[in-house]
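Those sequence lines, one after another, are chains A and B. For the working numbering, add 591 to where a residue sits in the first sequence, where the first one is 1. For the working numbering, add 49 to where a residue sits in the second sequence, where the first one is 1.
Please note that the accuracy of each hint is not assured.
Distance ranges between label pairs, derived from CB positions [stated by the list, open to error]: (1) Ser666/A - Pro313/B: 31 to 41 Å; (2) Ala86/B - Ile732/A: 35 to 45 Å; (3) Val693/A - Ala86/B: 30 to 40 Å.
To spell it out: a stretch of chain B is covered by chain A in this simulated footprint if at least three of its residues, at any positions, have a beta carbon under 8 Å from a beta carbon of chain A; those stretches are [said to hold, decoys possible]: (4) 55-68; (5) 158-164; (6) 169-182; (7) 254-260; (8) 370-377.
Everything labelled a hint here was simulated from the structure, so no lab data went into it. Ideal Cβ placement from N, Cα and C applies to all residues, glycine included.
This is what each chain is made of:
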Amino acid sequence: MIDRDRTRPVTALISEFVQDKTWKDGGSAVAGTDAPLGREPRSSPLPSEGSAGAVEPAADGVTAETGWRRGLAESLAFLRRRMTGEYQVDDFGYDADFTDHVVVPPLKLLYEKWFRIETVGMENIPDTGGALLVANHSGTIAVDALMTAVAVREHHPKRRPLRMLGADLVFQTPFMGPIARKMGNTLACNPDAERLLSTGELVAVFPEGFKGVGKPYSQRYRLQRFGRGGFVTAAMRTGVPIIPVSIVGAEEIYPLIGNLKPLARALGFPYFPVTPTFPLLGPLGAIPLPSKWIIEFGEPIPTTGFGDNAADDPMVVFNITARVRETIQQTLYRLLLRRGHPFLG
Amino acid sequence: MAGLIVLVTGVTRVVGSCLAGRLAEHPAVDRVIGVDAALPEPAARARLGAADFARVDIRNPLVARVIEAAGVNTVVHASASSTPASSAARTMAKEMNVLGTMQLLAACQRSESVRNLVVRSTGAVYGASSRDPAIFTEEMSARSVPSGPGRDAIDIEAYVRGFGRRRPDVRIAVPRFAEILGPTVVTPLTRYFGLAPAVPMVLGRDARLQFVHEQDAIGLLEHLALGDFAGTVNAAGDGTMTLAQAIHRAGRIPLPVPPFGLDPLSRVMRTVRLGGFSPNQVKALSAGRVMDTTRLRERAHYTPRFTTIEAFDDFAAHLRPVVTRQVVRGVEVRVAGTLGVQPLPDIRALGPGEPAGSVVDESPADRGAEEAGDGGRPRLVGIDGHAAGAPRRRRIR
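One chain only, chain A, in its complex shape (with noise of 0.2 Å):
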């Protein structure tokens, strides 16, 4: 009640639990096995639990605890959860409650702390409805697709996930995989990226895959090619906008300066990054160097009123490709000149 600031998320995230019925439901046929001592799980010593019987707990007596108290109990309560299995995943396997206690609180301070990130036209992704966001993708480590993400659910007034579209290589690699899948992203291809649209989710895709992570700092802020358009048809297929977005200060953290093909092929990577302080400072390498990001969402460009089976002309396909790619190429020359230096920003 204190720090309504801070409260407010536990509000929303308990009355969703609440709602959802599943998992009291579910929950109950688990505990309604042993005995009868688990009908009253709330015949521990604490007599807030017993007023909490409310639809919002929150709301009645259980705020007694701020700050940092608040923050633990809320992990305690969030390691229970992991280890009663009461939490649940949608078909693509979309953790809400794995990404806002674990992925986003490090992602935001690097977020916030590291690489002090500026958004611009945030007003462009609209509250409701599918959207595809369209991306340049840089840094030799996919982190500007974190950092997109963070930015969307954080700092977007509806504080929306963004589900992102990643290479097979991404859901292959053990702990990465199950991570990635998790946050809500998924393999990048039409059928996916046209059921979450559909359903009215927040997509985002890098169209320049791995030839924009692995390009060499020379080629910084210069866009790769731009795929097969293949994003271009979903976004065709299901009517939804599709949101340029330019990421500039992702091209600093890990300047790639060499590429060791031969260990990137004997490992089935891409590419093998050499940067400035990697593999030379071995895992200290890994630090990205903190540069300024801004990070720019455009104005929607409409993907419907082409004509019927516009998605499967190539050449109106080609063309809004083409668009995009352009608006994204323009933004970041432009936003490169309002950043200024690339450290002090």
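Dock chain B against the given chain A, drawing on the hints supplied.
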């Protein structure tokens, strides 16, 4: 279409026997003949109810004579793609699945009377890899031919398609089931989740799984046998859950093991009699699979009563949990006490508009009303012959 005469295969198993029993009670059905190569055990016999039983191996031409003599017009091949009760029975299962289906289809092709054919298939036909779309629709096919049951199911479906070309007058329905779970069925998967205290899984992987409740599986087979849907349809409960989540919900502890460690671990566990598991099964589970069930709802007009999580919980309710949620909650409260913070309320037990405490079990009156409104929900008979598996709760969405 009065006077259906139905042949059901695989009636020594739970799904086949329940289906035969249910069909036998249906007013539109005149006669049900359950066939299997083995004699049904007392429990299965009890489930068969009013259905007749004929001991016929479907790999034997005798099955053609049964179809002929009884004038069977609807064949439900419920034993196709059924999961073998043990991993050791894999070879046998392949023989039964693929060759049995061939023989049965041959018999059906000869028969003048057969008009409807339902062949049970499995979602394993889609294979599963990180390069596949997240959700499979019926039009998609495996990127690479999967091994094991998936491969058999692909073969079976190919035979069924061939049969369809030769007998275009026969209505063919092929449901592709997700893993079937429930209080009664016994599959390698149910045994896997029954491992205690820890359930091994592949390190660094946590795939999405989908389950279908045994009652939904039986209900769908019945629906397809009596209905007019033709074609392939995915069958799974709503939603998904991850493997680690499932293990936690079963009150067990996930034990992440690197892929190369699965074989030794499996051998050690067998040696010390902790219960065995099939390393291949664990690897297959690490890929996961989710199917789109729009067609099931909109074209086949069947809505599963259990979501994936409900199906799993109904199954898990019959396991003895190692880590109960009371224990977890207790630890949370204790740790919070030690740290001097107040733990958050355990909201799962609370529901909107429901007084605390009433949500765990439904009142008997409720249950009666639900059952009455349900119109003959199948009553499963447990291994011991007593009624079992009446789901503790359900909600129709």
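For each hint, the structure was consulted:
1. Ser666/A - Pro313/B: 31 to 41 Å: This hint holds: roughly 36 Å between Cβ atoms.
2. Ala86/B - Ile732/A: 35 to 45 Å: With a Cβ separation near 58 Å, Ala86/B and Ile732/A fall outside 35 to 45 Å, so the hint is violated.
3. Val693/A - Ala86/B: 30 to 40 Å: Violated - the Cβ-Cβ distance for Val693/A and Ala86/B, about 51 Å, lies outside 30 to 40 Å.
4. 55-68: It is violated: at least three residues are needed, and the segment 55-68 of chain B offers just 0 whose Cβ sits closer than 8 Å to chain A.
5. 158-164: violated (count 0)
6. 169-182: holds (count 4)
7. 254-260: holds (count 4)
8. 370-377: Result for this restraint: holds, n = 6.
Against the hints set out earlier in the document, violations occur for numbers 2, 3, 4, 5.
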